[in-house]
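Peer 1: What follows is the residue order along each chain.
Number of protein chains: 2
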Amino acid sequence: MTEPAPFSIGAFSRASGLTVKALRHYHERGLLVPARVDRQTGYRAYSQANLDTAAMIRAMRELEVPLDEIAVILAECREDQDLLVYLKRHKAHLATKLEHYQGLVGRIDQVINYEQEVQRVMQEHHGTREIAEREVEPVLVAGLRMKSRYSDCGSGFAQIAKRLGRHIAGKAMCLYYDGEYREDDADFEPCFPIRKGGQAEGLDIRTLPGCRCVTLVHPGPYDTLKYSYAKVLAYANDKGYEIDLPTREVYLKGPGMIFKGNPKKYLTEIQLPIKA
Amino acid sequence: MTEPAPFSIGAFSRASGLTVKALRHYHERGLLVPARVDRQTGYRAYSQANLDTAAMIRAMRELEVPLDEIAVILAECREDQDLLVYLKRHKAHLATKLEHYQGLVGRIDQVINYEQEVQRVMQEHHGTREIAEREVEPVLVAGLRMKSRYSDCGSGFAQIAKRLGRHIAGKAMCLYYDGEYREDDADFEPCFPIRKGGQAEGLDIRTLPGCRCVTLVHPGPYDTLKYSYAKVLAYANDKGYEIDLPTREVYLKGPGMIFKGNPKKYLTEIQLPIKA
DNA sequence: CTAAGCCCTGCCCTTACAGGAGAGTCAAGC
DNA sequence: GCTTGACTCTCCTGTAAGGGCAGGGCTTAG
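Residue numbers (my numbering), protein chains in the order written: chain A, 1 to 276; chain B, 1 to 276.
Hints listed in this document are in silico derivations from the structure and should not be mistaken for laboratory results. Do not take every clue at face value.
[Stated by the list, open to error] As a list, the in silico SDA-like pairs of lysine to any residue whose alpha-carbon atoms are at most 20 Å apart:
1) A:91 - B:97
2) A:91 - B:104
3) A:171 - A:137
4) B:97 - A:93
5) B:260 - B:117
6) A:88 - A:66
7) A:264 - B:78
8) B:264 - B:228
9) A:260 - B:5
10) B:88 - A:100
11) A:97 - B:109
12) A:97 - A:69
13) A:275 - A:135
14) B:88 - A:256
15) A:162 - A:106
16) A:260 - B:97
[As the list claims (entries may be wrong)] Computed beta-carbon distance windows for the label pairs:
17) A:163 - B:119: 40 to 50 Å
18) B:72 - A:123: 22 to 32 Å
19) A:200 - B:202: 52 to 62 Å
20) A:196 - B:75: 56 to 66 Å
21) B:102 - A:166: 15 to 25 Å
22) B:195 - A:103: 29 to 39 Å
23) B:76 - A:263: 17 to 27 Å
In this text, a Cβ means the ideal position worked out from N, Cα and C, and glycines have one as well.
Kindly produce the complete structure, drawing on both the sequences and the hints.
Peer 2: So this is what it looks like as structure tokens:
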């Protein structure tokens, strides 16, 4: 250490692994001030001691510690032990980010899975536009019964999804407890099939019984559902079936999670349980 | 939809959950252009249709999709299905970030653990400045034997740490195979205690045998180690012990992982194995 | 003498808005 | 008609940590 062994900024850049730009930036911020600066030319000259500081800054930057905090640490710490408290704080910060991204990946996965499911179901039901009778399997659902207007249905789905988003295992459905159409005080229950039983305040989690149903897939917007209902009710009447409440609608394809989509492409399955 | 039911920007902000600032920004970027803009006043008027787009943008922004990509999606997609490819791409991007932060948390954890260990060891050895004889336990190490200058030791540690960083389980040590001091072609082996056996190309992973040693903790910089060596060798000579190679140095406290620290505070344990 | 390689400062660019200044607009109350 | 308060407009600046480039100065080798 007899001579300061001055580095030019380029040489120091190679020695420290920091870019020239970064070095100038750190100089400006006061984090890493060169040992000497030529008054005439403005040329920076870095010393061996600068190299230690540079290594420290690099190590901290690799952990994404912000420059402001590095400045504080440089001002207050000489030893690694002094900065344990800063490191712990920063770790907590990183952990927060980590959780944040875990959450995002989880949510985007949900969306992707949901949309893939929609795609699958649409393929499956392609061309099935006939009235049919079939056995509907029992299914575990979480429902939220409402006496309200039909249009509030959407907010019901939103509430369920918010609380059980992670456990949703199928297409949204709605149960109708009125035997007839009502505008303002309809009695219905939006629900989602879920993966496993549990508790959720305000939600009714139970298994819908399986049953034999008259079914019809209705294509298009919801305001034309009544025509499909007319068809399927006429069919049931013809056959002399009595209908069990609640009736069900399954939204094979409705508004997406991101796009509302084109209502002409909506697919809704009407299920009328046949009284045994 | 007889009337566009125009929202003022404030009302639209409340309806959509986007800030006024954000709405103006989206307008400027062309993502969400209000249904009408008053020529005179510049007042924006938003429509019901705008609300759908706003919901879509909000959903995408919550997944941290960048605005540029949202613009592309808005230009090309009408249905959720169309954007599966974008979502998957974005998910990959998020997953990358996730891994990145996992790596950071892992590394900062290493640093914290290491420094806590240093702190513990320093407390333990506080005031122990006497020559002692004791049994040294066997220990599993990864070493990198070098014939070089002593000062290259550091790069040896760096190489080992880079490859086995995750498995390091104790303080850095160095084995010396020369019975005497050599400047340029010294024969020595930096090593780290590690957690479990394994393979690493170029590294010698093995268990150092336990042995009875004459030990002395040397405080201060490495260039004064020779005085401590003189003391401990004189002691061994007095007792008539013969010394087994390699001798060992354990760096209880040396330069930290972040700060170089003050050499006056360094603690180095010299271990001379006694030939049985 | 000139060309190459360094170095300097200063300006603009990146993301997705937030904050604020200064000015114009709107509806209601007096 | 005037005022008041709530709203709205545009424009500017700031964020983190530099990257990229322009225009110009320095030094040294051929």
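Peer 1: Each hint should be assessed against the structure and marked as holding or not.
Peer 2: Hints, one by one, checked against the model:
| no. | hint | in the structure |
| --- | --- | --- |
| 1 | A:91 - B:97 | 16 Å, holds |
| 2 | A:91 - B:104 | 9 Å, holds |
| 3 | A:171 - A:137 | 14 Å, holds |
| 4 | B:97 - A:93 | 15 Å, holds |
| 5 | B:260 - B:117 | 17 Å, holds |
| 6 | A:88 - A:66 | 14 Å, holds |
| 7 | A:264 - B:78 | 12 Å, holds |
| 8 | B:264 - B:228 | 14 Å, holds |
| 9 | A:260 - B:5 | 19 Å, holds |
| 10 | B:88 - A:100 | 18 Å, holds |
| 11 | A:97 - B:109 | 15 Å, holds |
| 12 | A:97 - A:69 | 17 Å, holds |
| 13 | A:275 - A:135 | 13 Å, holds |
| 14 | B:88 - A:256 | 16 Å, holds |
| 15 | A:162 - A:106 | 14 Å, holds |
| 16 | A:260 - B:97 | 29 Å, violated |
| 17 | A:163 - B:119: 40 to 50 Å | 45 Å, holds |
| 18 | B:72 - A:123: 22 to 32 Å | 26 Å, holds |
| 19 | A:200 - B:202: 52 to 62 Å | 57 Å, holds |
| 20 | A:196 - B:75: 56 to 66 Å | 41 Å, violated |
| 21 | B:102 - A:166: 15 to 25 Å | 21 Å, holds |
| 22 | B:195 - A:103: 29 to 39 Å | 32 Å, holds |
| 23 | B:76 - A:263: 17 to 27 Å | 20 Å, holds |
Going through the hint list in order, the structure does not satisfy hints 16 and 20.
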